[in-house]
Amino acid sequence: MAQEQQHNGHIQQCSRPRHLIRTNALIFSGLALLLNVYVIVTLGLSGPRDYANLLDIPRSMIGNFNTYTETNADSSLAIVSACIPGERFPPEYISASHVNKRHYCHRYNAECILPTERVEPKSDLHPKWDKLYHINHTLYTKQVDWVLWMDCDAAFTNFEINWQQHLKPHLNSYQLMIVSADDEGGINLGVFLVPNTRLSRKFIENMYKMRWSLDKRFFHKDQTALKAMMEKYPQVQNRLEIVPQKLINTYLDNDAGEKWVSYDWIVHQVFCNDVIECGKNFTRIMKMVTPQYYSG
189 MAQEQQHNGH
199 IQQCSRPRHL
209 IRTNALIFSG
219 LALLLNVYVI
229 VTLGLSGPRD
239 YANLLDIPRS
249 MIGNFNTYTE
259 TNADSSLAIV
269 SACIPGERFP
279 PEYISASHVN
289 KRHYCHRYNA
299 ECILPTERVE
309 PKSDLHPKWD
319 KLYHINHTLY
329 TKQVDWVLWM
339 DCDAAFTNFE
349 INWQQHLKPH
359 LNSYQLMIVS
369 ADDEGGINLG
379 VFLVPNTRLS
389 RKFIENMYKM
399 RWSLDKRFFH
409 KDQTALKAMM
419 EKYPQVQNRL
429 EIVPQKLINT
439 YLDNDAGEKW
449 VSYDWIVHQV
459 FCNDVIECGK
469 NFTRIMKMVT
479 PQYYSG
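189 is the number of the first residue of the sequence shown in this note's numbering; add one for each residue after it.
Warning: the hint list may mix true and false statements.
As the list claims (entries may be wrong) - Straight-line Cα separation of at most 30 Å, DSBU-like style, residue types lysine-lysine; simulated pairs: (1) Lys316 / Lys468; (2) Lys390 / Lys310; (3) Lys415 / Lys310; (4) Lys356 / Lys468; (5) Lys397 / Lys310; (6) Lys330 / Lys310; (7) Lys468 / Lys447; (8) Lys475 / Lys434; (9) Lys415 / Lys330; (10) Lys415 / Lys447; (11) Lys447 / Lys434; (12) Lys390 / Lys434; (13) Lys316 / Lys356; (14) Lys415 / Lys397.
Since the hints were derived computationally from the structure, they do not count as laboratory data. Bear in mind that the values here come from a model prediction, so they are computed numbers and not experimental data.
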């Protein structure tokens with residue numbers, strides 16, 4: 189009997205930490221919900237229908253507390269990249285960029301959205317603002333868990349890298365965005381990810397609304413909008429998942445950030461000034477990483 193009591197006592201002692209873990213998980217979840225309410229109110233979501241959708245999270249995140257910061261294997265992705273024809277992006281450059289992204293989409297069952305026209309052709313706004321429109325349009329119209337934005341001059345250079353495995357520690361839908369660490373010009377938005385949540389959609393919308401007030405006054409456009417949001421709402425800083433540049437946004441032909449090497453996941457030819465040489469270098473690398481598309 190004494191042994192049974194000791195044994196039962198041992199079981200009771202072992203079970204207590206589980207109750208504590210469950211209680212802590214409930215507390216943590218409640219705090220996260222309160223933080224969502226606070227951020228949503230400050231971003232302008234304050235109606236009854238908005239509060240009813242506070243738990244609008246990607247379908248792959250629905251589960252128990254153990255999946256709170258994890259993404260399951262069935263998470264879906266849309267890759268969005270706008271290439272506007274012109275001096276910077278001639279037809280050969282755009283073709284190389286599109287072939288590259290379609291190859292990755294096909295391999296990992298992602299959806300490719302690759303517009304080649306301006307959102308407002310007659311507008312004098314800088315084309316950089318179009319990215320925010322295309323991202324938000326995708327978030328609202330596509331049944332995907334994540335949107336990966338890539339500038340036209342960004343491309344995949346290692347197709348063996350599965351995006352979910354590569355980014356697993358950072359795929360937290362309670363963040364507004366996944367961005368790379370600052371370079372010399374601040375946070376670079378040439379490559380970043382957005383979870384398809386109500387809060388992120390509203391956040392991108394608010395950035396896009398700043399285009400009229402910021403366009404003529406600042407060089408970086410969308411990056412200036414992000415900085416303005418961070419200054420206006422300090423809590424936004426805590427909702428950005430900032431990852432090393434090496435992970436998602438290495439630079440080609442530019443020394444302002446982490447330099448690209450051949451096994452990196454993504455290369456970004458940011459602020460390349462010699463248009464002809466930029467085009468030659470970019471297409472050379474595209475042919476190197478996807479030679480099967482250039483054999484003819």
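Each hint, compared with the structure:
1. Pair hint Lys316 plus Lys468 holds up; C-alpha atoms about 23 Å apart against a cutoff of 30 Å.
2. Between Lys390 and Lys310 the CA atoms are separated by roughly 26 Å; this keeps the pair inside 30 Å, and the hint holds.
3. For the suggested pair Lys415 and Lys310, the alpha carbons sit about 27 Å apart, so the restraint of at most 30 Å is met.
4. A C-alpha spacing of about 34 Å is found between Lys356 and Lys468, which places the hinted pair above 30 Å, so the restraint is violated.
5. For the hint pairing Lys397 with Lys310, the CA-to-CA distance comes to about 18 Å; that is within 30 Å, so the pair holds.
6. A distance of roughly 27 Å separates the Cα atoms of Lys330 and Lys310; the hinted pair therefore holds under the 30 Å criterion.
7. Proximity of Lys468 to Lys447 is assessed by CA-CA distance (about 18 Å); at most 30 Å being required, the pair is judged to hold.
8. A threshold of 30 Å between alpha carbons decides the hint, and for Lys475 with Lys434 the separation of about 22 Å falls inside it, so the pair holds.
9. A hinted pair counts as satisfied when its Cα atoms are at most 30 Å apart, and Lys415 with Lys330 qualifies at roughly 27 Å.
10. For the proposed pair Lys415 and Lys447, the alpha carbon gap of about 24 Å is at most 30 Å, so the pair holds.
11. As the CA atoms of Lys447 and Lys434 are separated by approximately 8 Å, the hinted pair is consistent with the 30 Å bound.
12. Our distance criterion of 30 Å between C-alpha atoms is met by Lys390 and Lys434, whose separation comes to about 29 Å.
13. Taking the CA atoms of Lys316 and Lys356, the gap is about 29 Å. The hint holds against a cut of 30 Å.
14. The hinted pair formed by Lys415 and Lys397 meets the criterion: a straight-line CA distance of about 14 Å does not exceed 30 Å.
The structure is inconsistent with hint 4 alone, although it conforms to all the rest.
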